[in-house]
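K.L.:
Read off the chains here:
There are 2 protein chains.
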Amino acid sequence: MLNQTPEQTRTQAARPARLELMAAIETRLSGFLTQERARWAEVDHRCLVPVDAVADLVAAGGKRWRPAFCVSGFLAAGGPEALTGIVLDAAAAVELVHAAALLHDDVLDDSPLRRGTPTAHTKHAAAHAAKGWLGESRRFGEGTAILAGDLAMVYAGRLTAALPPAARPVWDDMLTEIQVGQYLDMAVAAECVVDSQLSRWVAVCKSGRYSIHRPLLLGAAIAGRPELAGGFAEYGEALGEAFQLRDDLIDTFGDSTATGKPVGSDLAQHKMTLLLAMACGRDDRLRALVAERDWDVEAIRGRLLAVGAQDEIERRIDDLVRRARAAIGRADLPAGWRDELTDMAAEVAYRDR
Amino acid sequence: MLNQTPEQTRTQAARPARLELMAAIETRLSGFLTQERARWAEVDHRCLVPVDAVADLVAAGGKRWRPAFCVSGFLAAGGPEALTGIVLDAAAAVELVHAAALLHDDVLDDSPLRRGTPTAHTKHAAAHAAKGWLGESRRFGEGTAILAGDLAMVYAGRLTAALPPAARPVWDDMLTEIQVGQYLDMAVAAECVVDSQLSRWVAVCKSGRYSIHRPLLLGAAIAGRPELAGGFAEYGEALGEAFQLRDDLIDTFGDSTATGKPVGSDLAQHKMTLLLAMACGRDDRLRALVAERDWDVEAIRGRLLAVGAQDEIERRIDDLVRRARAAIGRADLPAGWRDELTDMAAEVAYRDR
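Going down the list, the protein sequences come from chains A and B. All residue numbers for the first sequence refer to UniProt numbering, where the first residue is 1 and numbers rise by one. All residue numbers for the second sequence refer to UniProt numbering, where the first residue is 1 and numbers rise by one.
To be clear, the hints were calculated from the coordinates, so they are not data collected in a lab. A few of these clues could be false.
Computed beta-carbon distance windows for the label pairs [what the hints assert, rightly or not]:
| id | chain 1 | residue 1 | chain 2 | residue 2 | range |
| --- | --- | --- | --- | --- | --- |
| 1 | B | R200 | A | K63 | 39 to 47 angstroms |
| 2 | B | R200 | A | R39 | 14 to 22 angstroms |
| 3 | B | G116 | A | A346 | 51 to 59 angstroms |
| 4 | A | S30 | B | P112 | 39 to 47 angstroms |
| 5 | B | R37 | A | G329 | 37 to 45 angstroms |
| 6 | A | T27 | B | T342 | 43 to 51 angstroms |
| 7 | A | R39 | B | R293 | 43 to 51 angstroms |
| 8 | B | Q310 | A | D294 | 50 to 58 angstroms |
On a predicted model such as this, the values are computed, not experimentally measured, just so you know. Even for Gly, the Cβ is constructed at its ideal location relative to N, Cα and C.
Turn these sequences into a full structure, and let the hints steer you where they fit.
P.N.:
Spelled out as structure tokens, the structure:
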């Protein structure tokens, strides 16, 4: 370590630097939520229910990809030490936005499981029924999850109050896209729209941009390096699509013990996933199956296997990872961070291995 | 108007100054939402559904008390011309927070009407059924309202990005209290809690602080006059309670043509309103009626009439208005603004006359 400039040291220590910030994010999240608990416990013990619904979901795990890309964008861009507090808060906020989206999304999809435990609306509907409270248990459970999701969004807003003006548009775009993308996803499934362009847009908007591209740009914008936006966008969009395709593969062909959430729910909910849209583009029989109003899920899954959709999607993922890596290879970043983001691409795209 | 300083002119023109800003808020709100419409129309016509759900609710009316108190707090505190844009955005944001709360609250309560038209979840559930789309109509309608409410919150966040740091805690507290207060309101009704202290806290938190006190303080904080917080809090808390009691009177004894929303829903939903909690404190028979698990709504309403609850609450409102006016009379404000806030107190407290 002799004769090295501080910058070189930092460059070579990309992963430790990232992991150090990731640990600090956990401390920040739990510290913030503990403080909120203490504040509301003074009013009435019932006030803790929505706070705990947020805290429990955050504590239940999740891979923290979004905060990881946020702090990586910041560190790779050489963000100054003085702004570390801002990026930590922003990364914690990104995770809270994700928690809010999950709490509401699980109501929209009526999902029973999340991160290996019952979803908030399921749990609180069951508690309502068990205690014989007044009113409809379903409405009470869903109401609790709606308000807990709202609270998580409020917390995310509080943690991003000091965001530098240059980072604000990235944050605003991400939040707006999540809501509109979520609605589009729900509407396209309800209306049985078979339009692979539109499905691709939903996947890019909901998954790619919000999971990778926007958090990465947010970190770079906090660091004051807007010129990295182009390369990060290219990396983020390619990797985001790979991320979504992996999600589709897991949901269509995976097993639920590994994921902590039910599998097969996309097909059961008539969701035109990117995987399905791509396969339909190459096979008339599959197209005919999804054109039916009532889906024969087993027939669709069988046909996907028969036409080799798994292999096709794996090849597509490989190609997207190559493109993401090439984009990062051309970006003006320290070598250590180029390597780190290259490694992260594989971890995201092949996260079930 | 000769021989007057600019300050005197402004002081005497309190109401015109407020009305001018109120008109500017409408322009800001509709301009912002029109821009969002244009942006999303390019992606897919379906994206307009959540945007329009927000825009339609905002356009359907409402009395705009919250933005009115926000700009009044700013103008009364002598907020500088240069910050007018900030306070307009903040006041528009306050109205969007209210829209978000209404969209979600109507799902929680399953309310059919709002501002004289069908609520968003009711309308979109009906559209889903009429078009024979896939899935459950109730879930689709409620999902649309959930996402539209989320979008309104995102818009409110975008409009408050430039809030001065001194105003941030007021904003943050308001948003957090709304969510926790809303949950507490729902839980207390479900659990049949008869606790007038707790009911009062819910009323103060949900209605007083969020409708009057916090918007007023927000305006004053933007103007840079934190020393007004004490007087404004006293005024806002008293008037907020009067506002809530008027709401309770309208819901318990009013008629729905005047309000644009159903009346009698509080009792039907087993809500321990402030009105009911106060009346229970003075009458054993009423207390016995609300201690029942299944409420006999007509018996409760009859008993409220028999014990003279209407008159009692009217006297309490008179008293609260006097207290609010006394607090504003002691505040360090220009005479014109003292008069204006005194008039506004009567408009809020006697808004059905």
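K.L.:
Could you work out which of the previously given hints the structure breaks and list their numbers from low to high?
P.N.:
7
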